[in-house]
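Asker: Given the coordinates of chain A, work out where chain B should sit on it, guided by the hints.
Number of protein chains: 2
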Amino acid sequence: MPSTPVSDLQAPRGTRDFYPEEMARHRRLLDAWRRVSLRNGFEEVDGPIFETLDLYKVKSGDGIVSELFSFRRDGGSTDYALRAEFTPTLARMVAKRANGLPKPIKWFATPNFCRAERPQRGRLREFWQWNVDFLGEAGPSADAEVVFVLVDLLRELGVREGQVQVRISHRAVVAQVLQRLGVPAERLTEAFELLDSRSKLEPGVFAERAAGLGLDPPKVQRLDEVCRRRFAAGDLGHLARALGMDAPPDDLVGLDAQLVAFGIAGWCAYDLGVVRGLAYYTGTVFEAFETAGVERALAGGGRYDRLIETFGGPAMPAVGFGMGDVVLANLLRDKKLEPEHAGDGPDVFIVPLADADPAAVTGWVARLRSGGLHARTTYKPTRNTGKLLKEATGARARFALLVGVDSLELKNLATGEQQAIADEDVASRLR
Amino acid sequence: MPSTPVSDLQAPRGTRDFYPEEMARHRRLLDAWRRVSLRNGFEEVDGPIFETLDLYKVKSGDGIVSELFSFRRDGGSTDYALRAEFTPTLARMVAKRANGLPKPIKWFATPNFCRAERPQRGRLREFWQWNVDFLGEAGPSADAEVVFVLVDLLRELGVREGQVQVRISHRAVVAQVLQRLGVPAERLTEAFELLDSRSKLEPGVFAERAAGLGLDPPKVQRLDEVCRRRFAAGDLGHLARALGMDAPPDDLVGLDAQLVAFGIAGWCAYDLGVVRGLAYYTGTVFEAFETAGVERALAGGGRYDRLIETFGGPAMPAVGFGMGDVVLANLLRDKKLEPEHAGDGPDVFIVPLADADPAAVTGWVARLRSGGLHARTTYKPTRNTGKLLKEATGARARFALLVGVDSLELKNLATGEQQAIADEDVASRLR
Chain A
4 MPSTPVSDLQ
14 APRGTRDFYP
24 EEMARHRRLL
34 DAWRRVSLRN
44 GFEEVDGPIF
54 ETLDLYKVKS
64 GDGIVSELFS
74 FRRDGGSTDY
84 ALRAEFTPTL
94 ARMVAKRANG
104 LPKPIKWFAT
114 PNFCRAERPQ
124 RGRLREFWQW
134 NVDFLGEAGP
144 SADAEVVFVL
154 VDLLRELGVR
164 EGQVQVRISH
174 RAVVAQVLQR
184 LGVPAERLTE
194 AFELLDSRSK
204 LEPGVFAERA
214 AGLGLDPPKV
224 QRLDEVCRRR
234 FAAGDLGHLA
244 RALGMDAPPD
254 DLVGLDAQLV
264 AFGIAGWCAY
274 DLGVVRGLAY
284 YTGTVFEAFE
294 TAGVERALAG
304 GGRYDRLIET
314 FGGPAMPAVG
324 FGMGDVVLAN
334 LLRDKKLEPE
344 HAGDGPDVFI
354 VPLADADPAA
364 VTGWVARLRS
374 GGLHARTTYK
384 PTRNTGKLLK
394 EATGARARFA
404 LLVGVDSLEL
414 KNLATGEQQA
424 IADEDVASRL
434 R
Chain B
4 MPSTPVSDLQ
14 APRGTRDFYP
24 EEMARHRRLL
34 DAWRRVSLRN
44 GFEEVDGPIF
54 ETLDLYKVKS
64 GDGIVSELFS
74 FRRDGGSTDY
84 ALRAEFTPTL
94 ARMVAKRANG
104 LPKPIKWFAT
114 PNFCRAERPQ
124 RGRLREFWQW
134 NVDFLGEAGP
144 SADAEVVFVL
154 VDLLRELGVR
164 EGQVQVRISH
174 RAVVAQVLQR
184 LGVPAERLTE
194 AFELLDSRSK
204 LEPGVFAERA
214 AGLGLDPPKV
224 QRLDEVCRRR
234 FAAGDLGHLA
244 RALGMDAPPD
254 DLVGLDAQLV
264 AFGIAGWCAY
274 DLGVVRGLAY
284 YTGTVFEAFE
294 TAGVERALAG
304 GGRYDRLIET
314 FGGPAMPAVG
324 FGMGDVVLAN
334 LLRDKKLEPE
344 HAGDGPDVFI
354 VPLADADPAA
364 VTGWVARLRS
374 GGLHARTTYK
384 PTRNTGKLLK
394 EATGARARFA
404 LLVGVDSLEL
414 KNLATGEQQA
424 IADEDVASRL
434 R
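These protein sequence lines are chains A and B, in that order.
The working numbering numbers the first residue of the first sequence as 4 and each following residue consecutively.
The working numbering numbers the first residue of the second sequence as 4 and each following residue consecutively.
Think of the hints as simulated: they come from the structure by calculation, not from any bench.
Be aware that a few hints might be false.
To be verified - Okay, derived cross-link-like pairs now, DSS-like style, lysine-lysine, Cα gap no bigger than 27 Å in a straight line:
| hint | chain 1 | residue 1 | chain 2 | residue 2 |
| --- | --- | --- | --- | --- |
| 1 | A | Lys62 | A | Lys106 |
| 2 | B | Lys203 | B | Lys222 |
| 3 | B | Lys62 | B | Lys99 |
| 4 | B | Lys106 | A | Lys390 |
| 5 | A | Lys383 | B | Lys99 |
| 6 | A | Lys106 | B | Lys390 |
What the hints assert, rightly or not - Per the computed footprint, the stretches of chain B lying under chain A, defined by three or more beta-carbons under 8 Å from a beta-carbon of chain A, are:
| hint | region |
| --- | --- |
| 7 | 13-23 |
| 8 | 72-85 |
Yeah, the Cβ is synthetic: ideal placement off N, Cα and C, and Gly gets one too.
Only chain A is shown next, with the shape it has when bound in the complex (with noise of 0.2 Å):
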């Protein structure tokens, strides 16, 4: 039996209930990331809620473990782990049907993760994330696709340019600017890797390895200025005068000038100073932030064309990104950027008046609904039309219907003009 007494009982650390108020604004953003992905031609997919073990262990190594919720079956042999990100199972479900998907494959999911992680501020051990992925397409106009969904995305909820920006970085440009600083081509991997650790290392360690690959104390800080500035999307000329170069990569005039098709350019910025997972990346990086704000990245992606080769699928290229609820959430309460009500009212409520025949009551709620309408009664045993008129308005219905033995009125709560009405006419009506 349970050790712990049932007046105990909670949720656990991490997770969320949702009563009625928190789910109606958790689904409007689920509903959001749905719409936007369908109405940019993504079609929605879903994998398992836990997956092996290995198959997390395939993209991120064992280091990942510790951060998952693992499990086995009584007396089975495989371990589990609770869906900690989608990029694995997409990447299986991918490599798994390579040759018989039709091409480009535009995904989306909006499935909950959970991560064995302390909770904190904008992170939780049970969170939703939108995942937005594009295979089969190399060129740029698929990163600036990507990036205008999650711009889409963004307006739909009423964010506005200036509020959010997404900050871009291209392993390219970080490339040429390592490399003019002195780092080897053969070793530009190492300084990925290293610049991909560096928030986590000791000032002192990171100077180290740094002058390792040939960057001594003034070439870090020349770096790392060039990573502290941003640069205007839309205008290409201004970051190459400020790295020293003759002319920017051709991968970044490609995507430049995609932003500006796309109509997003006032949306972004470059800043090399996007460089989580520029290892794992093999082209454009970016990461959304609040723009005057210090919370954590509202979504974060780029193009990773190895993946599904890791995962034994064919070469592709593919470019995408997640966002993930909670930081979304904060964001949306901090910009008043809720609405009042997060549901619907019902179109119409019944109002039996003091002669009513109960079952003819419940005769039109149950008719209405089959006529696919949302159509409320009162539970109270009162018959007092006012107090039940107050409950229809309190329930922000659009309607009252005013239900007599011989009568039947139709109310508009919001002008107050009422009517009788023939029931032939009532569905009708209330479409």
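Answerer: Here is chain B on its own, set in the frame of chain A:
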């Protein structure tokens, strides 16, 4: 590193990968569950994907543990389990805020659940389940409303009366039958437990225990006969005569009248063979079955007036049911009730003419999507208008927008009608 070769990586046994086509079918069910719930006045809730193991023991005792995927965080001391059913989460949430929540509480949820069972037809290790719960109302109209929601969902998906039947039993009726057969009132609970476990017991063991309750073999046979018969809802006299009652119990009279008022008596039958959970449920018990088939129950539920107290909350009457996605999907496939195309095609497919500026084409895609329209274009390099119109038709687009350097035409792909259109009219015309 992983011990499995990457080419062998697959979804865990009993779980599913939802590729776009499977996902569209799955989404259709989830959307129907949600749409029907909302129009019936239920509010959506959700809880964590894992709970403390103790939570499941409160409702089901220690016996439940072997059916759960349970785990501990490395270094932690709490046992968790993947969510196996919604009721314990619901009971915990209601008990915690019982006084603050407006009554009645009408909640639904559509989450995924996991059970460590052997996968078989209609039963997987990960499945989705629709939970509909109505708390705070003791009368039979709540029972009938909940059955109405179940029928409303079936109709919404195209199921017709006669294809599925809701089989209803009631503890009060079974109690009366058992008492008439000689079971003393104080041993009724034991008798309910015996009936619940009937399908798991050897006939000899069952007969022996039944004899202990005063049911000798002829009486067991009589009970067996009663449990094999079905009686139409809306005609209680028939049932009462068959059971040799002077009058049916009041509880059933009320329920019967409400099923008639909700217009669903034709979908329902009384069936004392629905015994599963009689010990747990406190009044009505029901299961929905495909009429012709031998599938598992599509849905099951009933009245459970003591649950919230068990979880430390106040006394609160409650009635509800659960419906799984796997058996429902089997039904829709068997009855050919799946739509040919599970998702919508795009509103518009943008066809670049030979002289089109690629950036202008991208601009159209971006503007229309931002305006809420589902817009696609080709990713192929071809500018062959015939081929591109074929691609548009293949994608099931409603319209094609033909973009040239100095021309803009809109083609209705259903009628073939094509005409010039001004830039500013495109979006409104597509809406």
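Asker: Are B/Lys203 and B/Lys222 close enough, with their CA atoms no more than 27 Å apart?
Answerer: holds, 20 Å
Asker: Holds or violated: are the alpha carbons of B/Lys62 and B/Lys99 at most 27 Å from each other?
Answerer: holds, 16 Å
Asker: Given the hint that B/Lys106 pairs with A/Lys390, does the C-alpha gap stay at or below 27 Å?
Answerer: Within the cut-off at roughly 16 Å; holds.
Asker: Under a C-beta cut-off of less than 8 Å, do 3 or more residues of the region 72-85 of chain B approach chain A closely enough to confirm the stated coverage?
Answerer: Per the Cβ count (8), the hint holds.
Asker: For the pair we were handed, A/Lys62 and A/Lys106, check the Cα-Cα distance against 27 Å.
Answerer: Between A/Lys62 and A/Lys106 the Cα gap is close to 23 Å, so the pair holds against 27 Å.
Asker: Please verify whether A/Lys383 and B/Lys99 have alpha carbons no more than 27 Å apart.
Answerer: holds, 24 Å
Asker: Taking 8 Å as the Cβ threshold, is the statement that the region 13-23 of chain B is covered by chain A upheld or broken by the three-residue rule?
Answerer: Three-residue rule met by the region 13-23 of chain B, so holds; n is 9.
Asker: Is the straight-line distance between the alpha-carbon of A/Lys106 and that of B/Lys390 27 Å or less?
Answerer: holds, 16 Å
Against the hints set out earlier in the document, no violation occurs for any number.
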